[in-house]
Every structure is written in structure tokens, then in C-alpha cells.
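Colleague: Keeping the supplied structure of chain P fixed, place chain V upon it in accordance with the hints.
Each chain, letter by letter, is given below.
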Amino acid sequence: MNKENAVAEKDHAHSKSAPFITITKRDSSSLKRNIVVRVIAILAALAVSALITLFITGENPIELFKTVIDGAFGQFRIWGTAQSVAMLLGIALALTPAFKMKFWNTGGEGQVLIGALASALVMMTAKDLPHWLASILVILAGVTAGAIWGIIPAVFKAYWKTNETLFTLMMNYVAIQLIKYFLKVADGSGSSTVGPSLLQYGRLPVLFDQQYMLNIIVVAVMTVMMYIYLKISKHGYEISVVGESENTAKYIGINVKKVVIRTMALSGALCGLIGVLLVGATSYSIDPNLAGGNGFTAIMVSWLAKFNPIIMIFTTLLIVVLSRGAENVSMTLGLNKSFSDILTGIILFFIIGCEFFINYKIHFNIAKKSNEEAEGNGNN
Amino acid sequence: MSETVSEKFALQLRTVTKAFGTKVIANKNVDLDVHYGEVLAILGENGSGKTTLMNMIAGIYHPDAGEIYVNGEKASINSPKDAFKYRIGMVHQHFKLVDLFTATENIILGINDGNKFDIASAEKEVKSISDKYGFVINPKKKIYEMSVSEKQTVEIIKVLYRGADILILDEPTAVLTPQETEKLFDVIRNMRNDGKSILIITHKLHEVLAISDRVSVLRKGEHIATVNTAETNEIELTEMMVGKKVSLNIGRSEPKDTCDRLIVSGINMTNTEGVKVLKDISFTAKAGEILGIAGIAGSGQRELLEAIAGLRPLDDGNITYINPVNSEQVELRSKSPMQIRELGVRLSFVPEDRLGMGLVGNMDIIDNMMLRSYKKGRSVFVDRKPPRQLADEIIESLEVVTPNAQTPVRRLSGGNVQKVLVGREIASAPSVLMVAYPVRGLDINSSYTIYNLLNAQKENGVAVIYVGEDLDVLLELCDRIIVLCAGSVSGVLDGRTAKKEEVGLLMTKVKGVGENE
Numbered sequence: 000m001n002k003e004n005a006v007a008e009k010d011h012a013h014s015k016s017a018p019f020i021t022i023t024k025r026d027s028s029s030l031k032r033n034i035v036v037r038v039i040a041i042l043a044a045l046a047v048s049a050l051i052t053l054f055i056t057g058e059n060p061i062e063l064f065k066t067v068i069d070g071a072f073g074q075f076r077i078w079g080t081a082q083s084v085a086m087l088l089g090i091a092l093a094l095t096p097a098f099k100m101k102f103w104n105t106g107g108e109g110q111v112l113i114g115a116l117a118s119a120l121v122m123m124t125a126k127d128l129p130h131w132l133a134s135i136l137v138i139l140a141g142v143t144a145g146a147i148w149g150i151i152p153a154v155f156k157a158y159w160k161t162n163e164t165l166f167t168l169m170m171n172y173v174a175i176q177l178i179k180y181f182l183k184v185a186d187g188s189g190s191s192t193v194g195p196s197l198l199q200y201g202r203l204p205v206l207f208d209q210q211y212m213l214n215i216i217v218v219a220v221m222t223v224m225m226y227i228y229l230k231i232s233k234h235g236y237e238i239s240v241v242g243e244s245e246n247t248a249k250y251i252g253i254n255v256k257k258v259v260i261r262t263m264a265l266s267g268a269l270c271g272l273i274g275v276l277l278v279g280a281t282s283y284s285i286d287p288n289l290a291g292g293n294g295f296t297a298i299m300v301s302w303l304a305k306f307n308p309i310i311m312i313f314t315t316l317l318i319v320v321l322s323r324g325a326e327n328v329s330m331t332l333g334l335n336k337s338f339s340d341i342l343t344g345i346i347l348f349f350i351i352g353c354e355f356f357i358n359y360k361i362h363f364n365i366a367k368k369s370n371e372e373a374e375g376n377g378n379n
Numbered sequence: 000m001s002e003t004v005s006e007k008f009a010l011q012l013r014t015v016t017k018a019f020g021t022k023v024i025a026n027k028n029v030d031l032d033v034h035y036g037e038v039l040a041i042l043g044e045n046g047s048g049k050t051t052l053m054n055m056i057a058g059i060y061h062p063d064a065g066e067i068y069v070n071g072e073k074a075s076i077n078s079p080k081d082a083f084k085y086r087i088g089m090v091h092q093h094f095k096l097v098d099l100f101t102a103t104e105n106i107i108l109g110i111n112d113g114n115k116f117d118i119a120s121a122e123k124e125v126k127s128i129s130d131k132y133g134f135v136i137n138p139k140k141k142i143y144e145m146s147v148s149e150k151q152t153v154e155i156i157k158v159l160y161r162g163a164d165i166l167i168l169d170e171p172t173a174v175l176t177p178q179e180t181e182k183l184f185d186v187i188r189n190m191r192n193d194g195k196s197i198l199i200i201t202h203k204l205h206e207v208l209a210i211s212d213r214v215s216v217l218r219k220g221e222h223i224a225t226v227n228t229a230e231t232n233e234i235e236l237t238e239m240m241v242g243k244k245v246s247l248n249i250g251r252s253e254p255k256d257t258c259d260r261l262i263v264s265g266i267n268m269t270n271t272e273g274v275k276v277l278k279d280i281s282f283t284a285k286a287g288e289i290l291g292i293a294g295i296a297g298s299g300q301r302e303l304l305e306a307i308a309g310l311r312p313l314d315d316g317n318i319t320y321i322n323p324v325n326s327e328q329v330e331l332r333s334k335s336p337m338q339i340r341e342l343g344v345r346l347s348f349v350p351e352d353r354l355g356m357g358l359v360g361n362m363d364i365i366d367n368m369m370l371r372s373y374k375k376g377r378s379v380f381v382d383r384k385p386p387r388q389l390a391d392e393i394i395e396s397l398e399v400v401t402p403n404a405q406t407p408v409r410r411l412s413g414g415n416v417q418k419v420l421v422g423r424e425i426a427s428a429p430s431v432l433m434v435a436y437p438v439r440g441l442d443i444n445s446s447y448t449i450y451n452l453l454n455a456q457k458e459n460g461v462a463v464i465y466v467g468e469d470l471d472v473l474l475e476l477c478d479r480i481i482v483l484c485a486g487s488v489s490g491v492l493d494g495r496t497a498k499k500e501e502v503g504l505l506m507t508k509v510k511g512v513g514e515n516e
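Order-wise, the sequence lines are chains P and V. Heads up, the first sequence is in numbering that gives the first Met the number 0, so the first residue is 0 and it goes up one at a time. Heads up, the second sequence is in numbering that gives the first Met the number 0, so the first residue is 0 and it goes up one at a time.
Next comes chain P alone, as it looks inside the complex:
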């Protein structure tokens, strides 16, 4: 009979029929295993990068890694690295409260730029004010502008449920266009930046004769404050509840709209503050590329650190060391700049990919006895 045939066929295939790989979510995570997995991931990333370097360029991999380290921590580069870390970390910290609330603020870039633009406007025009007042105005203008750039998408999200990812993303381009317009108006020469000669007033002080010192101190303070804010403040608690479950937040009487708008105001304001630092304390110039994509890179930094401000120091360091090291590689070894991008890509791939092994467990059903003798095992 037909049916019996079918059964017999199936029977034959039985031993192969169990799925070969099963993936299950880990129900607990031990710190030790997490560290081991991450170390393995980094080692594997370095090994693969070394192999690829060797095969494609013929360069000595050891030499390459030396160049990377030198590019980040070398004598003339360490301050630049510190500045890059401070700026990237600052933006990542600014985005974090929004992310904790599951508000996907992809508008960090625009919030930084608009803050910078507002500061630049003050720096250009505040010529009759005393210096200290101009400085305060520079800060206030930048922070307020950033906050407004954050509040706009938050209000739309809170009241009309618009998609915050797209909204904040598009706000970036508005900010960029505004800066382009500012370039045209402020500096009629057609130059692509508005430079120090025009942005004279209210510049922030240079501490300890070190151009970047103010930035570093501000961001260091921000890191500690943000950690405390998220961990033990009432606001921080509300942010976590709203992020985890809006229904629970409503149920216990948290005003969700208020929390969303307040948190985005904070997120935008801190981005704006970074903009202030970039224009008012660092370069005294502004152009559409001022944030240099850090508004986007910061998203990754914040995520990699699982929104923990302290761990964020290390994830920022990792990203900055990689990119500055890669820069150095292309300069000193005479390789194409794309090659350093390849290396950065490989390393990030491993670091992000290892999260899978931290969260999931993989079982291989190899050589399982197909019949009666197979004991009920229960520990598969």
C-alpha cells in the first residue's frame, strides 16, 4: 500500500531526521564565560587580520599591529586620541538615556551640529559683551539648540506615535543644510568652513595649556554623572521602566509623554554640549563635517557597552584606537586607506559577532544513537 511505503521510507531516514544544529537561548550568563568569549573573539579577530594582511600586502603582521598601537598611543598622537575618545564618548553618553528608554535616537550627529551652529552664531556676533558673558551664552545657545533638536522628534513620538528613528535621522540632514546655509551667509568667500577669524568671541578657556583638556574633563564628569543618573536617580528608574514596558509605566502612573520628552531634551542637550566643545573649545570653526560621523559611531559604542557609561569608556577606546591606528597604517606603511577600513571591519565583526555566543548556546546532535539503547539523557 502507498501509505506503508511512505512510512518505510521515512523510517529509513529517521536517524538523519533530527535537526543537526539546535540553538537555544542561554538562561544565565556567567561573567567568566562572557570575558573568555570576548577575549577569544579579539584574539581571533587579530589572527584573521594578521593572515589577511600577510596574504594581501605581504607586510609583517607584527609590524602592522605595532603601527596600529603607535598610531593611537604614539608620542605625538596620544592627545589626539584622548580628544577623539572624549568626543565620541560624550556623544555616546548623550544618546544612552534615550536608548535605555528604547527611543532610538539616530540624530546624535544633527544634535551635535545644531548645538555647534548655535554656538558659532554667538561666537560670531557677541562682540560687545564681556568675555565671560559671551562664553556663557555660547554654552547656553549650543545646549538649548541641541535640546530643541531632541525635543521635536520626542513630542511627535509622544503625541502622534511617529517613528523616532526616521525622524531623528532626517533631522540630521536639516542641521547639515542649515550649516551649509550659514557658511554661505557668514563667509561669502565660498569656503567650506567658517574659520577662527570669524568666530572670535566667547571662546571657552584653554586649561593647563592643553587644547583638549577642557573637553576631556567635561566628558569625564559627564561619564560619572550619567552613571549615577541612570543607576540611582528617580529619573533613571523611570527611564528604565518606560523602556522596558510602557504599559507598566502607565499602570504605576508614570507620565510616559513627559518622560519621553524630558529624556530626549537631555539627550539632545548633551549632544549640543559636545557641539559647543567642538566649536568653542577645540577648532573655533564650523563645517558640515564637524561631527565626522561620530553621531552614528556613538550608537554602536553605546550598544556595545550595553548602555553602561563606565564600560562605554572601553568600547570608545576600542573604536578610536582602531580607527586612529588604521589611519597610521595607511600613512606609514603606504597602504591604501581602504585597507585600514578592512581591518577595522574584521575586528568589529568579531566583537559584535561574539555577542551571539554569549546569548545563545549551540548544540550539535552528532552521532546520536538512533535506537533503543540510547538512554534518556536529559543533559543534551
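Calculated directly from the structure, the hints in this document are not laboratory data. Beta carbons: idealized from backbone N, C-alpha and C, even for Gly. Check before you lean on any hint, since a few could be wrong.
To be verified - No farther apart than 16 Å at their CA atoms in a straight line, the calculated lysine to aspartate or glutamate pairs in the EDC-like style are these:
hint : chain 1 : residue 1 : chain 2 : residue 2
1    : P       : Lys230    : V       : Asp363
2    : P       : Lys230    : V       : Asp382
3    : V       : Lys84     : V       : Asp112
4    : V       : Lys203    : V       : Asp469
5    : P       : Lys233    : V       : Asp382
6    : V       : Lys141    : V       : Glu122
7    : V       : Lys219    : V       : Asp185
8    : V       : Lys498    : V       : Glu475
9    : V       : Lys278    : V       : Asp314
Unchecked claim - Residues from chain V that keep clear of chain P, each with C-beta distances beyond 12 Å, as calculated:
hint : residue
10   : Lys7
11   : Ile223
12   : Arg439
Modeller: Positioned in the frame of chain P, the structure of chain V alone reads:
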């Protein structure tokens, strides 16, 4: 105990084992024999592995070890399609139907037998199947126009249409009224008399006794025993399910010193889709009694409680709270939960959706305790000391099984999650306590813990409002019962004298007008 494998049996399982991850063993060495033409009840508490076992027979999971035999032949079932080859079909607890399609279209969906698509003859066949077994169904009716019981009928016919001789029904009565349940049982008997084998998953004992020929009891994934229904009783079955003697009585004390506590009068509500979900509802909850709210799922229970808790706006009507301290009347309508609390109204609410509303799954027990109290004090920082103490107290007094108070609540089992939630809500010393489906998914012991807690609150003079689905429990626990039907109150009954059938009738009766569906 189990018979040898032979063609005398419709279905046999031998040492079937299935584990999820390393810790959860859903089924362990389960042997099961199913005769031709019998109704076999699969009985067990939540989490005892009933559904997993059935899912393996239906091809949704693959056993880690063990074999399944159909008609005495070893079967390899890797997908629901395979299962149909062996004439096995399963009706899941949650229906899988396309709303915009008719009954017949849903039934033939996915069949690819090489024949021409012919809806007319399919309809004829559907008609003949329903006549044969006594289903009442209009093959041309669209799913979205159907009641829950009609949808279930479609699901069962879908399985029969594909030629199933072994039918698995997962908690089929959970969504039905007593009357609908009776009709379903008639159909099941007809199918059995036609020689089909029916496996019915349930945890309701009286239904097991009413419908099944034999009962297989599972406990913690293991097969405990299979007994003839005629030779057993509720107490014996419970013992097998739980593993120890359990008293099945809910002590109900006479209400003392009752006085009005919460007066709901003439409230109406329209939801965001513009549908009227509450229609002119009035009732009074009294201190010192348990007020039950019965009704088919989705009759407005959720909306009613959320309206009282200040989570949903009303169209009109009043909700008046009478303060036990000074008998002052407080109007709760259009107040937010925070405003209600600031008015000194001690209202606690255990919502239906525990992890999605009552608690935050990813937060630990301490932070969940803090949900109600974090705002206390002027400081900008939260004080985790009192919630930590409360967490420890609740863990100890309610015997919450957890590694420690720092464990995220989503890692706890259903019963323990509920203990944490109920414990927190009771800790705020409420004068009104609303609970929605508080024992859903809980094992028998945890359920009785909850009943006892509610009774204790009632004896303390709290006005308890209990929304439940198990009519037996409602009748045993509540002093008065309000029956909701399609958003309006269709009756108020005395919990001590009401009959189950009476409640059942009210559940489907719209005030004055007979319902047509």
C-alpha cells in the same frame, strides 16, 4: 505497565524525551498508549509538559529520544505535514485562521493535493463533515464575523477535512461557556463513536471526568499513570497531578461589617477603534466581600478594571470611592493613577498581563517592588532599602522560589511571578484590591495560596474585586458575582446560591435581547 507495540493501538509513545536548553526537561521517558475510538484526557498542571508532548506527536517539535508508533508502525514526524500523513491533526489553543477568509477557505488553505481548486465541492464536503459529527457551521461565513466557539469549530473541521483519525485538542474549553463546552463534548463523543481517537489536553478535573474514557496524568514532564475515568475521582487525580494530598476547598467566610467602598455608576467607554466596550455599567463593591466578575474573555473585564485604576478614559459615568477613614467621597473618574494615589485612595490592581503591565520582566524583584513607591520622598535619588526589605519579606512569607531578590522576575516561574505581584499589591495595605485572572497558569498549590491571600484581605475589610474565568472557582470564592456580556452587566448573582448554568446563560445574554451569533 505499557503494552507492547502493536497495531491494536492507534498511537503509542515509547520513552519520548524532550529537553529545552540544559535545565528544562519538558518530557522524560513518556510512554503512552492510545486506543482506537477513545477519548484520552492528558491531565497535568501548567508546565507539566502536556503541550510539548502533544506538539511532538503533531510534528511541531522533534523528540530528543524515544519513538512514536502509529497503528503499530514506527513513525517519523518532523512537521505538521508529516503528521497529517499519519492522520494526526492538532487543534491549538490559539487559533491560526485568516480573518478575512470564509470557513471553507480557511479549511482548504494550504492543501496541495494536485486537484483543481474547487471551492464548491469543498463547501459540500465541509457541510457533510459537520452534519456527520453535529457541528453547527456556515461554510460561507467569514472568520471575523465568528464567535470564539465557531472559530474553534473551523479549526476542528480543518483537521478532520485533512483526514485526521487522531485528533489532539489543546485546552479546547478554555475559551468556551459551559453551554458551548457541552456542545463540543457532544461532537467529541460523535467523533469517538466514529472510531476516531481524541486526545484532549486539560487541567480542569470535572471536564476530564465528563468527557474522557481514560486519563493520562503528567507531572513535571513524566508520565505518572493512566487510569480509567470511570474508576477514579477528582481527589485521586489531583493527588497524581500534584504529587501529594491537596485540599480542594476554598474557605469562604461570611462577610462581616460590609459597607460600600467603591460605587461605579453608569459608566460607558469607547476604545481607540471606536468600539463601545463598556455600556452603562453600575455596581457597588463592598468592603469585606469578594465581588466576582464573570464573563467570556473580552467582554469588557479588562477595560472595566483599567477604567477604575485610571488607565483608560471614560465617556461618561462616575466612579466614587468612599474613604474608610473619614467616609469622604472621592471621584476617581478622569484621574491618572498618580492622582488617584495622591488623593489617598488605596487602590491596588493585579492586572491580567503580569509581566507586561504589573511587573517589569527584566528588572529584579527589588526594582519591581519599588514600582509603587519609588517616588516617595523629595530626594532625586531612589532609596532601594525599603523595597529590598519588602522583597525579602514577600519571598519569605509567600515562599517565592528564587535564587535571590536580585533575580529578574522573568526568570521566575508563573506562580512565583504572580506571588511577587500580588505580594507587592497587598503590601500597600489597599482598601480596594482588584485582581484579574490571578491564578491563570498557576499550579494548584500556588492557586490556593492566592485564594487564601484574597480571603485574608476580605476578612481584613478590603473590598476585593475578582475577575476570573473558572466558574467553579468564582462560585466557591465570591460573595457576589456580576456577569458581564459584551460590555454590559447581564446579571448580578449571589455567589452562595448561584448555579453554574445560570452564570453560563448570563455570559451569552445581552441585556434583554437574545444574541444571534
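Colleague: Compare the structure with each hint and give your call.
Modeller: For each hint, the structure was consulted:
This hinted pair checks out: Lys230/P and Asp363/V have alpha carbons roughly 14 Å apart, not beyond 16 Å. Simply put, Lys230/P and Asp382/V have alpha-carbon atoms about 11 Å apart, close enough for the 16 Å limit, and the pair holds. The suggested pairing of Lys84/V with Asp112/V holds, with an alpha-carbon distance near 12 Å, which does not exceed 16 Å. For the proposed pair Lys203/V and Asp469/V, the alpha carbon gap of about 9 Å is at most 16 Å, so the pair holds.
About 9 Å separates the Cα atoms of Lys233/P and Asp382/V, which keeps this hinted pair within 16 Å; it holds. With a C-alpha separation of about 13 Å, the suggested pair Lys141/V and Glu122/V falls inside the 16 Å cut-off, and the hint holds. The suggested pairing of Lys219/V with Asp185/V is violated, with an alpha-carbon distance near 31 Å, which exceeds 16 Å. The suggested pairing of Lys498/V with Glu475/V holds, with an alpha-carbon distance near 11 Å, which does not exceed 16 Å.
The hinted pair formed by Lys278/V and Asp314/V meets the criterion: a straight-line CA distance of about 10 Å does not exceed 16 Å. Annotated as non-interface, Lys7/V keeps its C-beta farther than 12 Å from every C-beta of chain P; the closest such distance is 17 Å. No beta-carbon of chain P comes within 12 Å of the beta-carbon of Ile223/V; the shortest separation is about 16 Å. Every CB of chain P lies more than 12 Å from the CB of Arg439/V, the least distance being 17 Å, so the non-interface label holds.
Checked against the numbered hints above, the structure violates only hint 7.
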